[in-house]
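With the hints as your guide, set chain A onto chain W.
Keeping their order, the protein sequence lines are chains W and A. Take the first sequence: its position 42, counted from the start at 1, is 42 in the working numbering, and no numbers get skipped. Take the second sequence: its position 4, counted from the start at 1, is 4 in the working numbering, and no numbers get skipped.
It should be emphasised that the hints constitute simulated quantities derived from the structure, not laboratory data. All C-beta atoms in this analysis are idealised placements derived from N, C-alpha and C, irrespective of residue type, glycine included. A couple of the hints might just be wrong.
Here are the in silico distance ranges between beta carbons for each label pair [unchecked claim]:
#1 A:S28 / W:T5: 31 to 37 Å
#2 W:P83 / A:A82: 22 to 28 Å
#3 A:N38 / W:P61: 26 to 32 Å
#4 W:D56 / A:P111: 43 to 49 Å
#5 W:V112 / A:S28: 40 to 46 Å
#6 A:T67 / W:Y99: 41 to 47 Å
#7 A:P8 / W:G16: 37 to 43 Å
#8 A:A81 / W:P39: 21 to 27 Å
Partial pick of chain A residues on the chain W-facing surface, computed with a CB cut under 8 Å [to be verified]:
#9 S24
#10 S28
#11 N30
#12 L43
#13 R50
For lysine-lysine, the following DSS-like pairs were computed, each having C-alpha atoms within a straight-line distance of at most 30 Å [to be verified]:
#14 A:K70 / W:K9
#15 A:K70 / W:K57
#16 A:K106 / A:K26
#17 A:K106 / A:K70
#18 A:K70 / A:K26
#19 A:K69 / A:K106
#20 A:K26 / W:K57
#21 A:K110 / A:K26
#22 A:K26 / A:K69
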Amino acid sequence: NAGVTQTPKFQVLKTGQSMTLQCAQDMNHNSMYWYRQDPGMGLRLIYYSASEGTTDKGEVPNGYNVSRLNKREFSLRLESAAPSQTSVYFCASSESLPYGYTFGSGTRLTVV
Amino acid sequence: SQQGEEDPQALSIQEGENATMNCSYKTSINNLQWYRQNSGRGLVHLILIRSNEREKHSGRLRVTLDTSKKSSSLLITASRAADTASYFCATDVDSNYQLIWGAGTKLIIKP
Chain W
1 NAGVTQTPKF QVLKTGQSMT LQCAQDMNHN SMYWYRQDPG MGLRLIYYSA
51 SEGTTDKGEV PNGYNVSRLN KREFSLRLES AAPSQTSVYF CASSESLPYG
101 YTFGSGTRLT VV
Chain A
1 SQQGEEDPQA LSIQEGENAT MNCSYKTSIN NLQWYRQNSG RGLVHLILIR
51 SNEREKHSGR LRVTLDTSKK SSSLLITASR AADTASYFCA TDVDSNYQLI
101 WGAGTKLIIK P
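With the rest of the complex left out, here is chain W (with noise of 0.2 Å):
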């Protein structure tokens, strides 16, 4: 099926681990991105990309970073794993806006 795909679903880091966020869309998007939510909050940008070979920071950038890969795919690295990083994380692609942007069915990370 078209869409957004994650890996890997569920994580949990020791503080001071490395990690990476894997994000692949499938629908020629050129726009990807990543959030963060936490209960009782909406969603927070992280990084985003517009284009390919293209990155930004978002409402939230601080303790990762990302690659825009190829026009699929967009990664998220954690280089040093803290508790306030304990989050799920999303990614999302649109094709630009005003349109409506296709989002991943998240990972669960766990930072202890």
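Here is chain A on its own, set in the frame of chain W:
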């Protein structure tokens, strides 16, 4: 920072009733979108309304936009158990590919 605020935070109604959720925002927008999120799942785009539109329909969904009051409402008619989910509004403020999200309304449909 949050642009949109949904109201109420939670809503519980009987199956078959209509559900209305509201979204207020702070700054001028280009468009406003509504999304649904089922428990443990990603968000699904429902409907987009542009700033020059006042009302839009999609199946059992009706969205209104009042730019003078900086508010939008989502009406779900003849609710079903499958409508149980959280609903979020998101606004496009400056066309740099970013949406700003509210905290959501949790809707529970009782059978």
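Structure-based check of each hint:
1. A:S28 / W:T5: 31 to 37 Å: Since A:S28 and W:T5 have Cβ atoms about 36 Å apart, the given range 31 to 37 Å holds.
2. W:P83 / A:A82: 22 to 28 Å: violated, 36 Å
3. A:N38 / W:P61: 26 to 32 Å: holds, 28 Å
4. W:D56 / A:P111: 43 to 49 Å: Holds - the Cβ-Cβ distance for W:D56 and A:P111, about 46 Å, lies within 43 to 49 Å.
5. W:V112 / A:S28: 40 to 46 Å: Given about 43 Å between the Cβ atoms, the range holds.
6. A:T67 / W:Y99: 41 to 47 Å: The hint (41 to 47 Å, Cβ to Cβ) is violated, given that A:T67 and W:Y99 are roughly 20 Å apart.
7. A:P8 / W:G16: 37 to 43 Å: holds, 41 Å
8. A:A81 / W:P39: 21 to 27 Å: For A:A81 and W:P39 the Cβ distance comes to about 24 Å; the hint holds.
9. S24: violated, 13 Å
10. S28: violated, 15 Å
11. N30: holds, 7 Å
12. L43: Hint on A:L43: holds, closest Cβ of chain W at ~5 Å, below 8 Å.
13. R50: Holds: closest Cβ of chain W sits about 7 Å from A:R50, inside 8 Å.
14. A:K70 / W:K9: violated, 37 Å
15. A:K70 / W:K57: holds, 27 Å
16. A:K106 / A:K26: holds, 22 Å
17. A:K106 / A:K70: holds, 21 Å
18. A:K70 / A:K26: OK: A:K70 and A:K26 at ~7 Å, within 30 Å.
19. A:K69 / A:K106: holds, 23 Å
20. A:K26 / W:K57: holds, 22 Å
21. A:K110 / A:K26: violated, 33 Å
22. A:K26 / A:K69: holds, 10 Å
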